[in-house]
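Asks: Protein sequences appear in the order of chains A, B and C. Going by our numbering, the final residue of the first sequence carries number 303, and the count climbs one at a time with no gaps. Going by our numbering, the final residue of the second sequence carries number 669, and the count climbs one at a time with no gaps. Going by our numbering, the final residue of the third sequence carries number 922, and the count climbs one at a time with no gaps.
Read the hints as simulated data drawn from the structure, not as lab findings. All C-beta atoms in this analysis are idealised placements derived from N, C-alpha and C, irrespective of residue type, glycine included. Hints may be right or wrong, so weigh each one.
As the list claims (entries may be wrong) - Label pairs and their in silico Cβ distance ranges:
#1 B:A334 / C:Q751: 24 to 32 Å
#2 A:K17 / B:R320: 39 to 47 Å
#3 B:A591 / A:K72: 54 to 62 Å
#4 A:T289 / C:G801: 28 to 36 Å
#5 A:E268 / C:G801: 46 to 54 Å
#6 C:G801 / A:K72: 47 to 55 Å
#7 B:A591 / A:E27: 46 to 54 Å
#8 C:A917 / A:K278: 38 to 46 Å
#9 C:K811 / A:E286: 56 to 64 Å
#10 B:A591 / A:D70: 52 to 60 Å
#11 A:R220 / C:T721: 37 to 45 Å
#12 A:K17 / C:T701: 34 to 42 Å
#13 A:E268 / C:K811: 18 to 26 Å
#14 C:Q751 / A:T289: 46 to 54 Å
To be verified - Sample of chain C residues lacking proximity to chain A, with all beta carbon distances greater than 12 Å (derived):
#15 R848
#16 H870
#17 D873
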Amino acid sequence: MAAIDIQNIVKTYGEKKALNGVSLSIEKGELFGLIGPDGAGKTSLMRILVTLLLADSGTAAMSGHDVVTDYKTIRNITGYMPGRFSLYQDLTVEENLNFFATIFGTTIKENYSLIRDIYVQLEPFKDRRAGKLSGGMKQKLALCCALIHRPEILILDEPTTGVDAVSRREFWELLKSYKNEGITTFVSTPYMDEAGLCERIALIQDGHIMDTDSPDEIIRRFPLPLYTVKASPMTEVLHALRSFGQAPQVWIFGQEIHFVASEHDISEDKIRQYLTDKNLKVDKVEIITPGIEDCFLWNMRKS
Amino acid sequence: MKRFIGFVRKEFLHIFRDWRTMSVLFGMPVAQLMLFGYVITNEIKDAPMAIMDPSHDTYSMDITSRLTSSGYFLSERNISNHKEIEPVFREGKVKIAVVFPNNFIQQAQRERKATIQVITDASEPNTANILASYTESVVLKYAMSLQKSSGMGIRIEPKMMYNPTLKGVYLFVPGLIAMLLMLISALMTSITITREKELGNMEILLVSPLKPAQIILGKVLPYFLLSFSSAVLILLTGYFIFGVPIVGSIVLLLAETMLFILMALSLGILISTVTSSQQVAMMISMVALMLPTILLSGFIFPVENMPEVMQWLCKAMPPKYFITIVRGIMLKGNGLDVLWDETLVLSGMTLFLMILSMKKFKKRLA
Amino acid sequence: MEHEKVINSAPVIQVKNMYKRFGSFIANNDLTFDVYKGEIFGFLGANGAGKTTAMRILCGLSSPSSGEIQVAGFDIYKQVGQIKKNIGYMSQKFSLYEDLTVYENMRLFGGIYGLTNKEIKERSANLLQMLGFENARNTLIKDIPLGWRQKLAFSVALIHKPKIVFLDEPTGGVDPMTRRQFWEMIHETAAGGTTIFVTTHYMDEAEYCDRVSIMVDGEIRVMGPPAELIQRFGVENMNEVFIKLARAKSTEL
C-alpha cells in the first residue's frame with residue numbers, strides 16, 4: 001500500500017483550474033519532492049491531502065485513509081507545515097513546542113528521539129520569542145512542531161521559501177534523516193536545485209504533473225544533446241543560437257546559454273564556428289549533462 | 304480535555320503578552336467612564352432661566368436676585384402660568400425654570416416647609432444636572448441664613464423635563480457596559496481568530512486532532528472571563544467613584560451580563576468566519592457593531608424619539624435590550640418579572656448567533 | 670555585459686564609506702562600491718544583512734548616517750528629487766495595480782514621473798510592442814498571467830527611461846521559462862545602457878548578474894563577477910559561495 005495515493009484529482013477555483021487530473025503514488029518512507037513554480041497547484045494539492053480542501057473530483061488516501069471520509073484519522077497521523085506558517089510570534093520557542101505537543105496529545109519527552117537533532121539547535125533559544133528567531137530557525141522550529149507527535153506522513157509546503165541558502169541546506173539535511181524513522185515526507189519547493197535532494201520528484205506546472213521519477217532518471221531521459229555556451233554579447237548570442245538549426249530550446253542560464261541541438265551533425269566545434277562567423281566572442285562551448293531545470297523547461301515546451 | 308486546557312493557556316499567553324490588548328481590556332472601561340462622568344460635565348455660565356413667582360414676596364425675590372447675581376444664570380423671562388413652561392423649553396429659550404409656590408413666604412414661615420420646583424431640560428442630562436445643583440446650592444445657602452435668624456425651612460424639588468429621574472452618569476453606565484462588552488467580546492474574538500488565519504496557524508490547528516468546537520471554545524473562554532471582569536470593573540468604578548446605585552439584584556445583573564457577553568462572542572466568531580484578515584474583521588466590528596451599539600441602542604439617543612424605521616432597526620439590535628435590562632436592574636430595581644421579555648429576546652438572539660457561528664465555522668478551509 | 674567593458678564605462682552609482690546606524694546597531698558598515706552604466710549589479714545577502722537598508726538609501730527613501738553617495742550623478746543629501754526622477758523600481762511583492770488595465774497602469778506611472786500625455790502614449794505603445802502585448806493594452810492586470818505581469822511591471826518601471834532600475838527579488842518563485850524571458854529583457858535593457866541594480870537573497874538570481882556583492886552582517890564581504898567568485902571559492906555555484914561565506918562567519922543564529 002502506498003503511503004500517499006492520489007488519483008485523478010481535479011480542483012477548480014471559479015474559472016481557473018488549479019489541479020488538472022493529478023495522480024501520484026508515494027511509497028512509505030520516501031522523500032518525495034513536488035517541484036514547480038508559484039501558482040502551479042502545489043499548495044492546493046497539499047491542502048487536499050491534509051483534509052483542508054475538498055477536491056472537485058478524484059480520490060486521495062493517506063496511509064490508506066480516504067482524505068474526505070476519514071479526515072479525522074488523517075489529522076492524527078499527519079504532520080503539516082503550511083507555506084504561510086509562522087508559529088506564534090509572541091510565544092517562546094518552548095511554549096510553541098509545548099502547545100503543539102499538547103494539542104496533539106503528546107509531550108516533548110515522548111518523541112524526543114525524533115526531534116532531538118533539531119531540538120538541540122533550538123534549545124539555547126528556548127526562552128526566546130519565536131518572532132525574534134531568524135528565518136532558518138523559525139522553519140526548524142516549525143518542522144519540530146510538525147514532527148512532535150511522530151506523524152506517519154509529513155507534508156511540507158515550501159518549507160525553504162524565503163530562507164537563506166545556508167538554512168536551506170541544513171533543513172534538507174534534517175529531512176533526509178527522517179527516512180530512517182520510516183516517515184514519509186512529501187515536500188514542495190519552487191527551487192529546481194532542491195530536486196536533487198529528493199529520492200523521487202514530480203514536476204508540476206499549471207496544475208498538471210509533467211513528469212515523475214527519480215531526479216537521475218528524469219535527467220537520463222532528456223532526449224537530445226545539450227550544450228552550454230559562453231559568448232558575448234549575450235543578447236546577440238541568444239538570437240544567433242535561436243536561428244541555428246531547429247534549436248528547440250535555447251535559454252540563458254546565468255552567464256551562459258543552454259542550447260539543445262536537434263540535428264545530429266551539430267557539434268561543439270560547429271557551434272563555435274557558427275558564432276565566430278557572426279563576429280561574436282566565444283569563451284566556451286561544451287556538451288553537458290542537463291539539470292532538472294533543463295528538464296523542466298523541456299517538459300514545459302512539450303505541454 | 305488536556306488539549307483544550309493547553310489551548311486556553313496559549314490564548315491567555317497571547318493576551319497577557321500584548322499590552323495593547325490588556326490596556327483595551329482594563330484601561331478602556333475606566334477611561335471611558337471618567338470621560339463620560341467628568342469631562343463632559345463642564346462649567347456652565349449665563350444659562351437662560353425662566354422664573355415663575357406668583358407670590359412675589361421678599362423671600363422669593365431674594366432668592367431670584369441671588370440666583371441671577373450668581374453668574375450661572377441669566378433671567379431670560381418671567382412666566383405666570385405652568386402651561387408656559389413646556390413651550391419655553393421646547394423652543395430652547397431657557398435651560399432651567401425656577402417655580403415658586405403661591406404664598407411662598409407664608410409656607411416657609413408657618414409650615415416651615417416651602418418647596419421650590421427646579422425644572423431642567425433633561426435631554427441634555429449633564430447640563431441639567433449641573434444647573435439643578437447650582438440652583439440647589441444657592442437656595443440652600445439662603446435657607447441656611449434664614450434658619451439661623453428665624454428658623455425657616457425651604458426645600459428644593461428638582462424636576463426634569465422630557466426624561467424625569469435621569470442622571471447623566473447613571474444613564475451612561477449601562478450603555479458603557481454594553482459598548483465595552485461589545486468591543487472586547489466581539490471585536491477581540493473576531494480579531495484573534497482572523498489573526499490565526501492570517502498567519503497560517505489556523506491550517507495547523509484544523510489539521511490537528513483538535514475539534515473545531517474546541518478551537519472556538521478555547522478562543523472564546525479567555526475573552527469571556529476577561530469581558531466579565533471588565534464589566535465588573537465598570538460597575539465598581541461606577542459605584543464607588545460616581546455613586547451609581549445598583550438598586551436591583553446583583554446576581555441577576557451579572558447573569559444578564561454573561562448572557563450579553565455570550566451574544567457578543569458569538570457575533571465575534573461569526574465575523575471571523577466571513578473574513579480572513581484582521582483589518583477587515585476590525586472594520587466590520589467597528590461599523591457593524593460599535594456604531595449601532597452607540598447610536599441605535601438608546602445609549603445616547605432615546606429610541607422613542609427616533610423615526611419609526613429607525614425604531615424597527617433598533618429593535619434588531621441586541622444592545623438595546625441589554626441596556627434596557629441593565630437600566631432596569633440598576634436604577635429601578637426591576638426583577639425578572641418585569642424584564643423577562645427583554646431577557647427572552649436577548650437569549651433568543653444569543654442562541655441564534657451561537658448556532659449560526661458554529662455552523663459557519665468550517666472544519667476545512669474555504 | 671563583459672566585466673572589462675563594465676569597468677571602462679562611467680559609474681552611475683558611487684558609494685564611499687557609507688554608514689547607517691540605528692541606535693547602536695550598525696545596519697550598513699562602511700560600504701564602498703561603484704556601479705557602472707549598463708551593468709547588471711547583484712546586491713546579495715541574507716535577510717537582515719542590511720541590503721534593504723542600503724537600497725532604500727540609494728533610492729532616496731532614507732538618508733545614511735554618513736558617507737559620500739552619488740546616484741545617477743546626483744548627491745544623495747541634496748538632490749533626492751533629481752535622483753527619484755532618474756531611477757525606476759520594481760519589486761515582486763508590489764508590481765502593478767490589479768484593478769487597473771495595462772494602459773491605465775502605464776498612464777499612472779508615466780504621470781507620476783511627469784511625462785506628458787503624448788510621451789505616455791508613445792512610450793507605452795513602444796513598450797507594449799517590445800513585449801508583444803499590444804492586444805493586452807486594455808486588459809485588467811488581474812486577468813493577466815503571473816509571468817506576464819512580471820514583465821509588464823518591469824516595462825512600467827522603465828516608462829520614464831530611468832538611468833538605473835532597482836529590482837527587488839524580481840524572479841523569486843516564478844517558473845523557469847518566465848524567469849529566463851525576464852532575464853532576457855533585463856539583458857536587453859542593460860545593453861541599451863540602463864543600469865540594473867538587483868537586490869535578492871535568491872542565489873540563483875545572482876548568477877544572471879554581471880557582477881555581485883555579498884553582504885554579511887552589514888558589510889560587503891566579497892564583490893566580483895559570479896564566475897570569478899565561484900572560481901575563487903572553488904565551488905560549483907553562487908549558492909555554495911554564499912554558504913561558505915555565511916559558515917565562515919560563525920554558527921550563531
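Asks: For each hint, tell me whether it holds in the structure or not.
Replies: Consistency of the hints with the structure:
1. Judged by the Cβ atoms, the range 24 to 32 Å given for A334 (chain B) and Q751 (chain C) is violated: they are separated by roughly 49 Å.
2. Checking the proposed 39 to 47 Å range against K17 (chain A) and R320 (chain B) shows it holds: the Cβ atoms sit about 43 Å from each other.
3. A591 (chain B) and K72 (chain A) have their C-beta atoms about 35 Å apart, which leaves the hinted 54 to 62 Å range violated.
4. Evaluation of the 28 to 36 Å hint for T289 (chain A) and G801 (chain C) yields a pass: the beta carbon distance comes to about 34 Å.
5. Look at E268 (chain A) against G801 (chain C): about 33 Å separates their beta carbons, and that is not inside 46 to 54 Å.
6. A beta carbon spacing of about 52 Å between G801 (chain C) and K72 (chain A) agrees with the range 47 to 55 Å that was offered as a hint.
7. The hinted window of 46 to 54 Å between A591 (chain B) and E27 (chain A) holds, with their beta carbons roughly 52 Å apart.
8. Against the hinted window of 38 to 46 Å, the Cβ-Cβ separation of A917 (chain C) and K278 (chain A) comes to about 43 Å, which satisfies the hint.
9. Range check, K811 (chain C) to E286 (chain A): Cβ separation about 44 Å, and the 56 to 64 Å hint is violated.
10. The hinted window of 52 to 60 Å between A591 (chain B) and D70 (chain A) is violated, with their beta carbons roughly 39 Å apart.
11. Distance hint check for R220 (chain A) and T721 (chain C): the Cβ-Cβ separation is about 42 Å, which falls inside the suggested range of 37 to 45 Å.
12. The given range of 34 to 42 Å is broken by K17 (chain A) and T701 (chain C), whose C-beta atoms sit roughly 52 Å from each other.
13. A hinted range of 18 to 26 Å is violated for the C-beta pair E268 (chain A) and K811 (chain C), which are about 47 Å apart.
14. Look at Q751 (chain C) against T289 (chain A): about 51 Å separates their beta carbons, and that is inside 46 to 54 Å.
15. Chain A draws R848 (chain C) into its interface by the beta-carbon criterion, the shortest separation being 8 Å against a cut-off of 12 Å.
16. Its closest Cβ contact with chain A, about 6 Å, brings H870 (chain C) to no more than 12 Å, contrary to its assignment away from the interface.
17. With a cut of 12 Å on Cβ distances, D873 (chain C) falls inside the contact zone with chain A, its closest approach being about 7 Å.
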